[in-house]
Amino acid sequence: MNRLLVALSLLVAPALALAGGPLEGQTERQPLNLHAIGMFLAFVALTMGITWWAASRTKSASDYYTAGGGITGFQNGLAIAGDYMSAATLLGLTAMVFGQGYDGYIYMIAWFVGWPIILFLMAERLRNLGKFTFADITSYRLDQGKVRTLAAVSSLTVVIFYLVAQMVGAGQLIKLLFGLPYEVAVIAVGALMMVYVIFGGMIATTWVQIIKAGMLLCGGTLVAVLAMSHFDFSFTRLVSEATARFAEVNLVKDAAGNLVGKDLLAPGGFLSNPINAISLGLGLMFGTAGLPHILMRFFTVGNAKEARKSVLYASAFVGYFFNVIFIMGLTAIILVGKDPAFFEKGLVPAAGVAGKVVGGNNMVAMHLAKFVGGNLLLGFLAAVAFATILAVVSGLALAGASAVSHDLYARVIKKGKATEADEMRVSKLATIALGLIAIGLGILFEKQNVAFMVGVAFGIAAAANFPVLILSMYWRGLTTRGALAGGITGLVSSVTLVFLSRSVWVNVLGNATPIFPWEQPALFAMPAAFLAAFVFSRLDATERARSEIEAFDDQWVRAQTGFGAAGASKH
Amino acid sequence: MSSEMYSRMKQNPKFQELVKTRGRYAAGLSAIVLVAFFGYILMVAFSPRTLALRFSEGGTLTVGIVAELSMFIGFWILVALYVRRANGEFDALTAEIIEQAKADIAAQSRGVA
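Quick mapping for you: the protein sequence lines, in order, are chains A and B.
Oh and the first sequence: position 223 is 223 in our numbering, straight run, nothing missing.
Oh and the second sequence: position 26 is 26 in our numbering, straight run, nothing missing.
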């Protein structure tokens, strides 16, 4: 029973780290960290300068939403990596390797594997068919009003849940890293996000993400290299020392019921249920391919060639960084794990007791930075974490604002007759509204467990956005009715299943056992959405359905060749 | 104009060839990624001990680490292979198809005039 509880509790933390979500639970406020604040202010000053420069270059709606399509594949690859790797990736996954060993590494490949699939199946088609939002693609030959409204509603739901989760995580993290009060941290993040997005649009957002990705890659590499120098750069020595130490502090029962040291390099408990494992893999892979702020990045490059290169660079950076985190986690087992200064009660002599890390396990990466590079490196890594949050929330806010202004206002309400100036004004108002909602809910949910919010965001992305998007690109037979049925089924089933699963039913509502026993809804909600879209499209015998099916041919040729695609605007 | 371009391109046998070749290539690469990844996930679920096996007695390299590192590198190589072929061969073919459709339409309008 005890083991089961441990296995279950292990499921929550990684689910968070995975989804790029917030850090779980409340943190304790730490003493004011001046190095970190100084370096973060330098980052803010730099990005404000860029925002000012970007504002002068943001003239048309295309500049605002997609940087005029003028981002190169390399820049976009960095920006995607910056958009994708959150603070929880750095802190949460390092903590997982530190605490659970090889399991952390398994999660990293699940986090990575969506990228090749996005390239092979989607990247160039997104670029060839889309303009500003992914609803441009789903509504390409279907009913503009209905399909766009659905896409905008599901995009906004994803954005708001993800945004609030990030805000709560940001507040806890900044309290921990910088020693600032929670509310101050949330308001600062919300205010900076609004400034970047309102004044600098996609150009500023992209550069914030690029700079952040650069800082993250450099900071992580520096920590990993310095840490490896303590092991004479020998992976063999690192692993044998870490394995020995890991087995000392982590005990498990073997087949005979004897307590033995846990093997650092053996998979542990949390993916032992195959349904959970497959559902999680599906949810991550296709959730990534249905997140509006990630999809939007593909419209910022000039053509399909650059869109493909974006994935080439992005996957290189993401894959590289995960392996850096693996090294950080392994070295931390020795460097942090054997230093009494990093434990609340020092090192506990008894075997099988790991002791409580100061500030919680999420601080392991920070402690490692302090151990290998002193307060200066600690400050730098803390500033990187703050910058990381800003880059992620800015991308989210822009995606949410464009769903309101481009989809709902310009296309659904004004039926394509809105002027560009009006559309951009609405977008800026929407950004302010989203910023205020995020700050308000962020403060309101301070003491709540927000893990489920990331689950909801990924669930909707995988089960509502992805099926409609992929069918609209690949299946001639999709009709408006089918798209609506599929999208609504995915939306409702994924939200319902998350609420019936442990993350809400038990952790938030306090019931004893979950009604839905698995962690990720994707394995069930995705097939339901596909089935609904298929059945309702097939049963749709209206005149409109016939013309929608006929319109597929032109769309197919455009998707394949890029002829007629929105080009890069010239400056 | 656009619609006429699209129907002309679609009739071009080269277009059918592009769709077929690129579609097969993308599907094949996707299949490799999916089989490798879900195969690995099933190993984690059903045979975790295999992943913890060392290559040599008392060694530090396990089947799991080698498998996963190979996936990180291998998947990226597949990405690079696709980008190389799509940005070279497939894009050249696409440009040919577009040019030919344009030329056909221009020739036709001259004929009418």
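To be clear, the hints were calculated from the coordinates, so they are not data collected in a lab.
Among the hints, erroneous ones may be present.
Stated by the list, open to error - Taking lysine-lysine pairs in the DSBU-like style, the calculated list, with each CA pair at most 30 Å apart, reads: (1) A/K428 - B/K10; (2) B/K102 - A/K309; (3) B/K14 - A/K309; (4) B/K14 - A/K356; (5) A/K146 - A/K131; (6) A/K253 - A/K345; (7) B/K10 - A/K262; (8) B/K102 - A/K262.
Unchecked claim - Here are some chain B residues pointing at chain A (derived, C-beta under 7 Å): (9) Y6; (10) N12; (11) P13; (12) A26; (13) S30; (14) I41; (15) V44; (16) V63; (17) V66; (18) E68; (19) L81.
Said to hold, decoys possible - Computed footprint of chain B on chain A; a stretch qualifies when at least three of its residues, placed anywhere within it, have a C-beta under 8 Å from a C-beta of chain B: (20) 116 to 129; (21) 189 to 202; (22) 465 to 479.
Even for Gly, the Cβ is constructed at its ideal location relative to N, Cα and C.
Here is how each hint holds up against the structure:
1. For the hint pairing A/K428 with B/K10, the CA-to-CA distance comes to about 41 Å; that exceeds 30 Å, so the pair is violated.
2. For the given pair, B/K102 sits about 28 Å from A/K309 by alpha-carbon distance, which is consistent with the 30 Å threshold.
3. With a CA separation close to 25 Å, the supplied pair B/K14 and A/K309 stays within the 30 Å bound.
4. Distance hint between B/K14 and A/K356 is unfulfilled; the C-alpha atoms sit about 65 Å from each other, more than 30 Å.
5. As the CA atoms of A/K146 and A/K131 are separated by approximately 18 Å, the hinted pair is consistent with the 30 Å bound.
6. Note on A/K253 and A/K345: the hinted pairing holds, with a Cα-Cα distance of about 26 Å set against a maximum of 30 Å.
7. For the hint pairing B/K10 with A/K262, the CA-to-CA distance comes to about 61 Å; that exceeds 30 Å, so the pair is violated.
8. Restraint check for B/K102 and A/K262: not satisfied, since their Cα atoms lie roughly 67 Å apart, outside the 30 Å limit.
9. Against a cut-off of 7 Å between C-beta atoms, the interface hint on B/Y6 holds, since the closest Cβ of chain A lies about 4 Å away.
10. With 7 Å as the threshold, the beta carbon of B/N12 stays out of range of chain A, its nearest partner Cβ sitting at about 10 Å, so the hint is violated.
11. With its C-beta approaching chain A no nearer than about 14 Å, B/P13 sits outside the 7 Å limit, and its interface hint is violated.
12. For B/A26, the interface hint holds, the least distance from its beta-carbon to any beta-carbon of chain A being 4 Å, beneath 7 Å.
13. Because the closest C-beta pair between B/S30 and chain A is about 5 Å apart, less than 7 Å, the hint holds.
14. Interface hint at B/I41: satisfied, since its Cβ lies 5 Å from the closest Cβ of chain A, which is below the 7 Å cut-off.
15. A least Cβ separation of about 5 Å between B/V44 and chain A falls short of the 7 Å threshold, and the interface hint therefore holds.
16. Evaluation of the B/V63 hint against chain A yields a violated restraint, the C-beta minimum of about 9 Å exceeding 7 Å.
17. A distance limit of 7 Å between C-beta atoms decides the matter here; for B/V66 the minimum to chain A is near 11 Å, and the interface restraint is violated.
18. Interface hint at B/E68: satisfied, since its Cβ lies 5 Å from the closest Cβ of chain A, which is below the 7 Å cut-off.
19. The restraint placing B/L81 at the interface with chain A is violated, with a minimum CB-CB distance near 10 Å, outside the 7 Å limit.
20. Counting residues of the stretch 116 to 129 of chain A whose CB lies closer than 8 Å to any CB of chain B gives 6, so the stated coverage by that chain holds, three being the minimum.
21. With 0 residues having a Cβ less than 8 Å from any Cβ of chain B, the stretch 189 to 202 of chain A misses the three-residue criterion, and the hint is violated.
22. For the stretch 465 to 479 of chain A, the stated coverage by chain B is violated: 0 residues have a C-beta nearer than 8 Å to a C-beta of that chain, whereas at least 3 were required.
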